[in-house]
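Chemist: Here the protein sequences come in this chain order: A and B. Counting in my numbering, the first sequence runs from 622 upward without gaps. Counting in my numbering, the second sequence runs from 80 upward without gaps.
Since the hints were derived computationally from the structure, they do not count as laboratory data. Cβ coordinates follow ideal geometry from the N, Cα and C atoms, glycine included. Hints may contain errors.
Stated by the list, open to error - Covered stretches of chain B, going by a simulated chain A footprint (3 or more residues, C-beta under 8 Å): (1) 376 to 383; (2) 394 to 408.
Said to hold, decoys possible - Examples of chain A residues toward chain B, derived with CB under 8 Å: (3) Arg635; (4) Leu636; (5) Asn639; (6) Ala895.
Claimed, not checked - Over the 10 Å line for every Cβ pair with chain B, so calculated as not near, a few chain A residues: (7) Glu681; (8) Ser688; (9) Phe736; (10) Tyr770; (11) Arg772; (12) Arg785; (13) Ser789; (14) Gln828; (15) Pro842; (16) Gly891.
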Amino acid sequence: MADQSVKAQAFLQRLLTNPVLDGLSSLQKEEQILQFIQINGEKLYPTLSSQAFFPGKPWEEIRHILSVNLVDLINPLLYPELKHTFRTLIQMTFLDFITQVKGATDKVKEQLYEFVLALMNVPLARREYSGVLTALNHSAVDRYLDQVYSRREYVYFELTKVQRLKMSKEEVKQLVRVIMLLKPVVAQYGIHDAVQSGGSVLLVQPQFVEKALDGLQNRLPLMPVTVLKEALNSSTSFWENRYLEATGRIAAIFCTVLKNYRPDMKKDRGAESAEKSWINTARRNARYHGYDIKMLDEFYKIAAENRW
Amino acid sequence: MEREKGSFLENLVMIMIVLVIIQTLLEDMCTLWMADWASRRILVFTGVVFDLFFTIEFLLRFQSAVVRKKTFQYMVKQRGWVDFLASVPLLVFHSGPSAFSIMSAGGPVFAAAGVLNVLKIIKAVRIARVLRLLRVLKIFRQLKYADSPMAQRHIAKIATAMVSAVVAVVLISQFAGSFSTVTGDSSMGPYHDGVAGLLAEDSSKLQAEDVAKKFPDILVVKLNGNTLYTRYDNDYYRTQFGPLDYSYETREDYEVFFDLRWTNALQARTDLVYLLIIIGVIIVLVVYYSPHFALTVTDPLHVMHRGMTEQHYNLEVKILPKYADDDVFRLAKAYNEGFLPMKGRMAEAAPLENDIKIEKIEDLFKGL
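Model the full structure from these sequences, guided by the hints.
Modeler: In structure tokens, the structure reads:
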């Protein structure tokens, strides 16, 4: 067993040194390697099933061994990244506007961190976190919400008048970030029943939210129910529930739209800017992903005006 | 090492192309401004050096193409014929004979007048020098907007066609004029003949001076070897005149030397105009048309190609409203509105492509 791990990790280490992966976050690297293994299975299998590696094992088993070992290799890189994200980007002062119990923010944050760490062990959730962490670390929420508050158009109206958030812009940003971190939770609660057809899109039926809420409350007892509900709702389609909280709708958009962000990305001549392109593509896929198209329209305008 | 050597030679050729264009412009400008002979002589000899360099370069490329059995490809597809026309004929028919005539004429101003008529044919070949400009197109590869091979090929094709057409027309018309010179009947011939006849009517020194004053291009009038009239002193002739700057007519016992610098200046002006027209055309093509071609054709195609071949490349094509009805942009619209959203949905369901590209899978396992 240990021998298997050594062989698998040696092979995976070689993939990890591929220059294409330079500059990517640890989860983006992991995603790339998993895809590579999935796509090149037929070519890899003859060598990986030879005496030198995993003799006689079927491909699915080999793939499982590789996946497990990849997680072992990535986790030491991921945890410091996650810690850094929590330290620098996650604040909980918004809780003061939601709950009567004041001053427990550090404990809630700690509980949330532990919960996210646990969710990282769920493969589907782990994959979702790639987009979430990328969006968080590239300040998507801050950049767009700053613009939303200065424009005071649809999104602002939805946040302040419809959802009636009585908190400052900074607190709204905090809330959206926390919802983004909680959004992949649907991968843990009976997701097999809840995932809509169409592959890996984590979109659940509205009735699933009620079922999952209890379980989530038990895991995060200090987090206000409204936040948990918003997080679960962010995985439902706006096309099926027009009363979805604006924060959840924003979180849903940023969790996936910016997941292709690359640090070394440069705009080709003749191409639109990256975020403008991605948001426009998301507009066209709005129904498929359950996005609020009016929000995307506004974000598209923001991206275009700021050349993002 | 080979690559470095090749790159060094390419850079050297580029530098020489720029220098030869400067030399060509200077040579014509010096003729136009009637600069002193010493300066013009230096330019003639540097012209030989350049022509020799480009002839050797062409022969080396040609030989390499023959060895690689790619003669046709080099001569036709890689525009070897431009390299040929802009080197060998210039050395053989223009700069080489000019230099030879200067060297054989030596110091005295009035000599070898017979050779000069032959050199007039050679002047017609000078226009082929502008073909070298086509090679400058290679330099523009480094420019923004001109870095697409397709854009480069199109610009090169258009430039080659235009410049070749201009050169061909000028060459044919100049050749037609020059051939009449060989028969001894140049455009200036009847005029020079008439002036010489006027002098022959009266052999007095006074008559010679009168006639010479009326015709400012008369330099010297000699009767039986004795100078009847000279416009300048010998020092002036030595410093200002070269073998191509005068012509010579005889009538009975008279010898008349005519100043050709005016005619040469007119010719140089025409050559300069041709050269500047072609430089202008190439600059317009490269600086104005090339970006337009890139923005409306190659750039959108490049973006679409990347989007179709790279999994994580999801940038939309920027559609220029002014050209939205162009075929390319209609295709780009379909790409933006149809392909990219579909690609996004499919990639989430089952990725078909991956950023990690390994040429040989076996290489992954080496040493493991």
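Chemist: A cut-off of 10 Å on Cβ-Cβ distance, and serine 789 of chain A was said to be off the interface with chain B. Does that hold?
Modeler: holds, 34 Å
Chemist: Can we keep the asparagine 639 of chain A interface hint, with Cβ of chain B closer than 8 Å?
Modeler: holds, 5 Å
Chemist: Are 3 or more residues of the region 394 to 408 of chain B near chain A, judged by a Cβ distance of less than 8 Å?
Modeler: Satisfied; 4 residues make the cut.
Chemist: Counting residues of the region 376 to 383 of chain B whose CB is closer than 8 Å to a CB in chain A, do you get three or more?
Modeler: Our answer is that it holds, as 5 residues pass the Cβ test (under 8 Å) against chain A, meeting three.
Chemist: Just want to verify: arginine 772 of chain A was marked as not at the interface with chain B; is every Cβ pair farther apart than 10 Å?
Modeler: Given a closest Cβ separation of 23 Å, the condition holds.
Chemist: So glutamine 828 of chain A supposedly isn't at the interface. Is its beta-carbon more than 10 Å from every beta-carbon in chain B?
Modeler: holds, 24 Å
Chemist: Against chain B, does serine 688 of chain A hold up as non-interface, every C-beta pair farther apart than 10 Å?
Modeler: Per Cβ check, serine 688 of chain A is outside 10 Å of chain B; nearest 15 Å; holds.
Chemist: Confirm or reject the statement that proline 842 of chain A sits farther than 10 Å, beta carbon to beta carbon, from all of chain B.
Modeler: holds, 34 Å
Chemist: Would the stated hint for leucine 636 of chain A survive a check requiring a Cβ distance to chain B of less than 8 Å?
Modeler: holds, 7 Å
Chemist: Taking 10 Å as the cut and beta carbons as the points, is tyrosine 770 of chain A off the interface with chain B?
Modeler: holds, 27 Å
Chemist: So phenylalanine 736 of chain A supposedly isn't at the interface. Is its beta-carbon more than 10 Å from every beta-carbon in chain B?
Modeler: At roughly 25 Å from the nearest Cβ of chain B, phenylalanine 736 of chain A sits farther out than 10 Å, so the non-interface label holds.
Chemist: Over 10 Å to the closest beta carbon of chain B is the bar; see if glycine 891 of chain A clears it.
Modeler: violated, 3 Å
The structure fails hint 16 only (numbered hints given earlier).
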